[in-house]
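Q: Sequence:
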Amino acid sequence: MTGRQLPAHIAAALAGNTADSAGRPWAGRDLSGPDNPLHAFDDDDGAADARLAAAVAGLLETSDRPGRGERAVFAALTTARVFIPIVAQLNAEGDAASGLRADKEADMALVTLTAPDGRKALPVFSSSRALERWHPDARPVAAYAARAALAAAAEQAELLVLDPGADVTFVLRRPAVWALARQTGWTPSYEDQELAALVEGAARVQEDVLSVRLRPGGGVLTRAADGSIASGGGPGPELRMDLQLRAGLTPQGVRDVVSSFRTRLLALTEFVDRVDSLDIKLTR
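Just so you know, our numbering puts 241 at position 172 of the sequence shown, and the rest follows in order with no gaps.
Quick caveat, the hints were computed from the structure, so don't treat them as lab data.
Treat each hint with caution, since some may be false.
[Claimed, not checked] Restraint ranges, calculated between C-beta atoms of paired labels, are given here:
1. Gly305 with Glu269: 20 to 26 Å
2. Leu335 with Trp203: 33 to 39 Å
3. Arg292 with Glu201: 21 to 27 Å
4. Thr332 with Ala123: 38 to 44 Å
5. Leu279 with Thr332: 16 to 22 Å
6. Ala123 with Ile298: 15 to 21 Å
We treat Cβ as the ideally placed atom computed from N, Cα and C, and that holds for glycine.
With the hints as extra help, turn the sequences into a complete structure.
A: This is how it looks when you write it as structure tokens:
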């Protein structure tokens, strides 16, 4: 489920950006002194936010209740400062006609990753030390996690990866990234009762579908560096859908029903906005 357009609220936040969140224009403002919003992290010692560190540590204790662990990390991120890695890219421009070569210039660029499914991901770090261990040459830029989510949207990255290379790495998937950017609440799809009702409603108009059940997919669990199981966005789908179909269908009939039901769900904007990845299983 890729190639989604940005929600209107995120696109609006990225476009223009001529005023602050209170609507005050940036033009003509004096940003010097202690009231400068850029100085929000002047006294930051680079350590991990205590609430976020506790939530990440709790992922090892909630592998049997992944929703609890994921919700705790998301809640901590709504107020946490994180570090976004920036690296310098050297550019050398020359004039072929004159044979002259310009001085090298360095552009600063966000570091992005490629997830196993091919999607772009933005790495963020809970502490400057964690970033330095991962990429010694990267410059840590402090930002609230909600701002990092907006940066991910600007880079067309659907995932936020918290502390890659650390003992425990957490992956925030697209619906949660967009909720963080919007600064609204988020519920994992496999615990979303409104989503379950939406899916059941779609199943009722599909005569060959007898029942449907949503539960966590294989991708909600991951492994820590020591091999132990943790909740928090591993490889694979986040949502599993168990379908029970009418008995007596031919193999081709089964394929047609599943394809038709999947198409019906993907036509529902609310479903696509709430579900990052889906695995459909047939049950007796």
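Q: For arginine 292 and glutamate 201, compare the CB-CB distance with the range 21 to 27 Å and indicate the outcome.
A: With Cβ atoms ~24 Å apart, the hint holds.
Q: Measuring from beta carbon to beta carbon, are leucine 279 and threonine 332 in 16 to 22 Å?
A: With Cβ atoms ~19 Å apart, the hint holds.
Q: Per the hint of 15 to 21 Å, is the separation of the Cβ atoms of alanine 123 and isoleucine 298 within bounds?
A: Cβ of alanine 123 to Cβ of isoleucine 298: about 19 Å, so the range 15 to 21 Å holds.
Q: Honestly, do threonine 332 and alanine 123 meet the 38 to 44 Å range at C-beta?
A: holds, 43 Å
Q: Using the C-beta atoms of leucine 335 and tryptophan 203, is the stated range 33 to 39 Å upheld?
A: Since the Cβ atoms of leucine 335 and tryptophan 203 sit about 36 Å apart, the hinted range of 33 to 39 Å holds.
Q: For the pair glycine 305 and glutamate 269, does the Cβ-Cβ distance stay inside 20 to 26 Å?
A: holds, 24 Å
Of the numbered hints given earlier, the model fails none.
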